[in-house]
Amino acid sequence: GQQLNQSPQSMFIQEGEDVSMNCTSSSIFNTWLWYKQDPGEGPVLLIALYKAGELTSNGRLTAQFGITRKDSFLNISASIPSDVGIYFCAGPIGNAGNMLTFGGGTRLMVKP
Amino acid sequence: SAVISQKPSRDICQRGTSLTIQCQVDSQVTMMFWYRQQPGQSLTLIATANQGSEATYESGFVIDKFPISRPNLTFSTLTVSNMSPEDSSIYLCSVSRAQETQYFGPGTRLLVL
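Each protein sequence line maps, in turn, to chains U and Y.
Sequential numbering from 1 applies to the first sequence in the working numbering.
Sequential numbering from 1001 applies to the second sequence in the working numbering.
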């Protein structure tokens, strides 16, 4: 099946630093989604990308839909302690495109 | 988006028993899904909950182990049957109106002893 390879698996950074994580696939995706999961919570949608080359921001977060449609990245600028959590990329699969497959996640830890 | 609640939020169960998890949405949605998240892992789709018909299960998941109901457009249940310690996971429901975007409930944390 279609797999999303997400890297890095974990990051331990200093508060104020910028963060970058990415997701790649051997297959083409028409949509890329980025979620964040706080400890003890369900994933929350951060950014949705629908067009190749699209660059979208949500506050300090910026995500891009790769031109090849096989990759996406998420950047976080000026990290703060509440950015701690697990970040997942996801893309639609199935004939109707209404099911999601998820990357393995990037666990972000921020040192104050 | 949608406001999604799950009950129970967590439970500790004995092996061999069954647990039914409820998912309630604040408004009608087209699609409802159930996911499993094993400790330290990503999300794996269990099934699509279809309103008025049998759920559609993904490879590796069967109806006898994970029976699902969806009596209307705002409610679904997932039962984890004949539990073993390997079933200890977070179980998440999600909903979708638009084709690709899904919104998740807070999850049910299950520990099987």
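Calculated directly from the structure, the hints in this document are not laboratory data.
Glycine included, each C-beta is placed from N, C-alpha and C at the ideal position.
Hints may contain errors.
[What the hints assert, rightly or not] Pair ranges (Cβ atoms, derived):
(1) 57(U) <-> 1005(Y): 26 to 32 angstroms
(2) 111(U) <-> 1030(Y): 30 to 36 angstroms
(3) 52(U) <-> 1014(Y): 24 to 30 angstroms
(4) 44(U) <-> 1018(Y): 26 to 32 angstroms
(5) 1008(Y) <-> 57(U): 36 to 42 angstroms
(6) 1008(Y) <-> 107(U): 34 to 40 angstroms
(7) 112(U) <-> 1022(Y): 24 to 30 angstroms
(8) 57(U) <-> 1106(Y): 22 to 28 angstroms
(9) 70(U) <-> 1017(Y): 17 to 23 angstroms
(10) 1018(Y) <-> 59(U): 31 to 37 angstroms
(11) 10(U) <-> 1030(Y): 33 to 39 angstroms
[Unchecked claim] To be clear about the criterion: a stretch of chain U counts as covered by chain Y if any three or more of its residues have a C-beta under 8 angstroms from a C-beta of chain Y, and this derived list gives those stretches:
(12) 37–46
(13) 102–108
Structure-based check of all given hints:
Checking the proposed 26 to 32 angstroms range against residue 57(U) and residue 1005(Y) shows it holds: the Cβ atoms sit about 30 angstroms from each other. The hint said 30 to 36 angstroms for the Cβ distance between residue 111(U) and residue 1030(Y), and at roughly 43 angstroms that hint is violated. Residue 52(U) and residue 1014(Y) have their C-beta atoms about 51 angstroms apart, which leaves the hinted 24 to 30 angstroms range violated. In this structure the supplied range 26 to 32 angstroms holds for residue 44(U) paired with residue 1018(Y), their Cβ-Cβ distance being about 30 angstroms.
Range check, residue 1008(Y) to residue 57(U): Cβ separation about 37 angstroms, and the 36 to 42 angstroms hint holds. Under the hint 34 to 40 angstroms, the C-beta atoms of residue 1008(Y) and residue 107(U), about 26 angstroms apart, miss the expected range. Separation of residue 112(U) from residue 1022(Y) is about 38 angstroms and departs from the stated range, judged on CB atoms against 24 to 30 angstroms. Between residue 57(U) and residue 1106(Y) the beta carbon distance is about 27 angstroms. The supplied range of 22 to 28 angstroms therefore holds.
Under the hint 17 to 23 angstroms, the C-beta atoms of residue 70(U) and residue 1017(Y), about 44 angstroms apart, miss the expected range. Between residue 1018(Y) and residue 59(U) the beta carbon distance is about 43 angstroms. The supplied range of 31 to 37 angstroms is therefore violated. Separated by about 35 angstroms at the C-beta atoms, residue 10(U) and residue 1030(Y) satisfy the suggested range of 33 to 39 angstroms. Coverage of the stretch 37–46 of chain U by chain Y holds [criterion: at least 3 residues with CB-CB distance below 8 angstroms; count 6].
For the stretch 102–108 of chain U, the stated coverage by chain Y holds: 4 residues have a C-beta nearer than 8 angstroms to a C-beta of that chain, and at least 3 were required.
Hint compliance for this structure: hints 2, 3, 6, 7, 9 and 10 are not met, and every other hint is.
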